[in-house]
Amino acid sequence: MNGGDNLVAVIRNLSHRYGSVTALDDVSTEIPASRLVGLIGPDGVGKSSLLAILAGAREIQEGGVLVLDSDISSAAARALICPRIAYMPQGLGKNLYPDLSVMENIEFFARLFGQSREEREWRIRELLKSTGLAHFADRPAKKLSGGMRQKLGLCCSLIHDPDVLILDEPTTGVDPLSRRQFWDLIDRLRARRSGMSVVVATAYMEEAEHFDWLIAMNDGNILAVGAPSDLKQKTDTKSIEDAFVALLPQRKRSIAAKMNCLPPIGNAPPVIVASKLTCRFGDFTAVDRVSFTICHGEIFGFVGSNGSGKTTTMKMLTGLLPSTEGEALIFGERLEAGDLEARRRVGYMSQSFSLYSELTVRQNLTLHARLFHLPPKFAEERIAELVDKCDLAGYLDSLASTLPLGIRQRLSLAVAIVHRPDLLILDEPTSGVDPLARDQFWELLIDLSRNQGMTIFVSTHFMNEASRCDRLALMHEGRVLATDTPAELIKAKAAKNLEDAFISFLEQEKPGAVSPAILNQTQVAGLEHDQAACRPAQAAFFSFQRMFAYAIREGLELMRDPIRLMFALFGTTLLMVVFGLGISTDVNNLTFAVLDRDQTPESRAYLEELRGSTYFVEKPSLKDYADLERRLKDGSIDVSIEVPPNFGIDIKRGRPAWVSAWIDGAMPFRAETIRGYLQGMHQLYLADPVIKTTQPAVALPAEIEIRFKYNQDFDSIYAMVPSTIAMMLALFPAILMALAVVRERELGSITNLYVTPVTRLEFLFGKQLPYVVVALSNFVILFVMAVVLFQVPLKGSFLALLAGTIIFVFTTTGYGMLISSFCSTQIAALFGTAILTILPAQQFSGMMTPVSSLSGTAQIIGRCFPMSYFRPIAVGTFTKGLGFQDLWTSIAMLIAFIPILTLASLLLLRKQEK
Amino acid sequence: MRSLSNIFWLGTKELRSFFSDWVLLGFAIYSFSLAVISQAQSNSQELYHASIAVVDEDHSELSRRITHAFIMPLFKPPVLIAQSDIEHLMNDGQYTFVIDIPPNFQRDVLAGRQPGLQVNVDATAMVQAGLGSGDAQQIINTEIAQFISRNESTPLSPVNLAIRIAFNPNVTTAWFTSVMGIIGSINILAIILAGAALVRELEHGTMDHLMVMPVTPFEIAMSKIWANVSVIAVAVSLSLYLVVRMLLKIPITGSIPLFLSGTALYLFFATAVGLFLGTIARSMPQLGLLYMLVAVPMNVLSGSATPLESMPPWLATVMQASPSTHFVAFAQAILYRGAGLDVVWPQFLAIGGIGALFLALSLARFRSALRSASS
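Protein sequences appear in the order of chains A and B.
Just so you know, we're using this note's numbering here: the first sequence kicks off at 97 and counts up by one.
Just so you know, we're using this note's numbering here: the second sequence kicks off at 924 and counts up by one.
Isolated chain A (complex conformation) (with noise of 0.2 Å):
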């Protein structure tokens, strides 16, 4: 214990809220420099805000912070010091990315702590032998246990040797013996640097036995501080949870509530029959051979290691999965998927309290009764039992969104209860849960059990919960290693306790998993480098080794991901084929009908013209008006000429003749064309010197005539394409994008943002890089298909095109990267960036219409859209044949976007977490 008087952290009167929730009430305190600090306390207390707070990672509400002598609410403080902390936030590997491999994610963290290709590799290479990970360094972290997650996650966060390492939870839902090696390498580790501090926030009190300083806390509030000796002595007990619960104010406490179970009576008929269960998700095994038997009444409890095995035999037993191999018997029976009776006789609380959040207690409990139609007079008194026996009185009417986990646990029991089932099935009931609240919910358990005769499979991994069941099955990848009594499997072991005897079972399993002596050798090796390393150099404004350490883990990340790489690649080519084809402004292939009045030559010749038109097919004539209206309603034709009779007499009379026409106006800009195409058509005709008229052709005073620039035919694809192109570089940059900032918040990974040295602005081109790449691919791919495929030619400057380009692509990406600025889902981003492209750049960009002719908001829409200065340069370069000289205003505003939408992201975007 040197430099006992040194502090890691001076805290003062910190408060922090979230809405109307206190997480951290004035907590003031200080944490002593190289020990092993451990925070205590059950689940949403404020453990978890304390230590972020600490690494920088959220923002500092009220009051004050000194990290290694520093205040950490300036921003520059916290860039000077956080290349010395490091921080491992709750949940398993929630800062690591499940795509990448063992060695990817170390090689991602070194990079953004500066490190050379050769101090890299060294550390890595240390790193992975001293956690025995390096048999593993090619398998992707989402294909790692619990355990070797948590091990990767200390690699990452130790890769640049920080002074503070903060581990919030490090533990929670791993296997014992995987715990055991966790807290064996923390120990090496500390031997190895005795200046580091370690930081630990733990659920599990067990732990807390071994370590050097203790911080009770409960309800944002710290109740005790100092060694845990001085607490066990302070309150007079003799175990550190003892000591919490005593701590505890006011609350009531258990009344003796520790072991209270009764032997099942006798000898009763097997609930479930479970034998060589087997499920399989590819080549990976989930569940193997399964065999085990519930009697009726029992409490049978399955013990093991997040991602044993557990939940997949639960799956299995409720009918929710189907085995691959081997038969389940509930009641004596095969759970059929579709058996809905076998389905009222069993209660399931899954794993994540499966309740709806957005419903009130009240109301989700009455819906529950009503799907299992349970009469509504019973329902009543029912529920009402329930609600006293659950203690849930007080919450009838609150959200179960915002219920405590504890209460939202006991909703859940009554729920799964509501219809007396004879069988519950509870998945992992109580993890997260702060052990008063564990106990009241074990009193519950032990009741439904012993005085209702329910038969009870519960899972756990908490030891002291496993030692209530009647009889325990202890699960490890997917096998059962031992069934029996408590008392029977520690007495086959030998241990002191269940947690010990699990321990055997488990290296009995893999004899020599992880060897000492080995361990020792590569820490001496450590100590020399450790002399020899040097800091990381102070964070520069901009470092172009971050920016590319997270360009090369997003361009990894995507290309581990086949269907998002498909879509990204090939989703513009089919879209590109539909609209290239379908999107046109020719109308043609019009019907029209003609009711002819008059049969003369001279009603004929006038109708010739039309008949002779390629714009226009000829349905059956019109029988009468009736006809005609039917048929224009109907929409089966889409013109109708009515001849009117006389019509040849007048013209041979010289009186002026009258030909009438009704267009359907249902789609007016098909109807003006229509209404165009008759006028040419009749000034044709009225110049055509074979009219059998009596009067003279009248010339023209002037021949007016129309040329259409850029593309002679008039052709609407040589228009529609390079539009096509850029309206699909405008959609799906801008959708990857916006897909790929937020989803590092939802998934927890955004916290390297926040506690690493990286900046906002390398963050962002970081990201950026690689989707720039593939829209520039999509580009090669649509280029050539416009070519080859829909044979536009390019007629002015390649390099013009390529460059306004790739600009233009730097600006959708860019959009995208703003709108993932402030969603804060996924889905919300999808919808957010899909609204407000899709409509812009169909309507409001200058595809149909020049933006200068558009009105109303629409103008402004599509002046602030960057495809409406991209549209010019492909429609330029492809079909007016321009190049650089002409396009370099388009271009030039196109680059103003880049600055803008850059600035804008980084303004919204956030180094910390509020």
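The set of hints was computed from the structure by calculation and includes no laboratory data.
Below, in silico cross-link-like pairs of lysine-lysine (DSS-like), each with a Cα-Cα straight-line distance of 27 Å or less:
id, chain 1, residue 1, chain 2, residue 2
1, B, K936, A, K473
2, A, K485, B, K936
3, A, K805, B, K999
4, A, K334, A, K592
5, A, K238, A, K225
Chain A is already provided as a structure; the job is to place chain B on it using the hints.
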């Protein structure tokens, strides 16, 4: 009976979740109000404020009359430019139309020498070029004819053509774009709402919970369908009555109740497709991507932007399989042409049939989707 009660109660839960999500609610309101209004008022599908320039090398009374004949709102006031500027101004896309009146134009017209007059049209501004070139020709012809006859009324030709537009006499595009805007919003919302409702339950684990209770996949699917259909149907009715009729003052001749019942039928299809996509996607982002590939073409190619007749025949045939095409067809028939059920029943039948097919497909996939979600 039991099944109906399950469907009803599960549906009320869907409604509660929808109304507790304020962002979603705000989004729905936006897409049926502001989005519809800005599309209706954009004038993007008509000749409106087209930019025009005149190169007047004649400086005569006739050339001035022609210049002044181009008036708002079809054309912006013409700008006089020099001949040498034509090329680069059109390259820049500054003007869609440039009229070149040659020297001595008036003298030659009066002398009956039929001088030429050039109208340069930027053919890459598709809508304006197509509609405006005919109009420009007409305007110039009329102006010259009136100049010659010194008379404001045009003399009648031996044969005259009276063109009238049925159902929308002034060819107001807002009539069309507003309702097509609503249809677009329906497409966007219906599919994603139903799909997200399913994926959300898969991701939150509440689907497992439902599957162990005595309810069938059919009941779960139907509850999501009726809840989402009713929410959007109400939004559409409000949008039609309040936004389109009252705010935009667009007269609707046809039977709105008939249109709404068709809409409900279409929503049944769209939510069934959403559920189907939800059973394919393993996560929300994948649902979003799938949605883009399915819904965007369905929306763009439905005939609301480009008439089906203008598409290649094979594509038009393929689009017959998409209910969105039938939806647009009956929307136009009912709302503008005042058609009744006797006219639109084939479309109703097609939409209902395809919807039922997708419902069957998603039910068939329900269990395997659960499996992949829990693996």
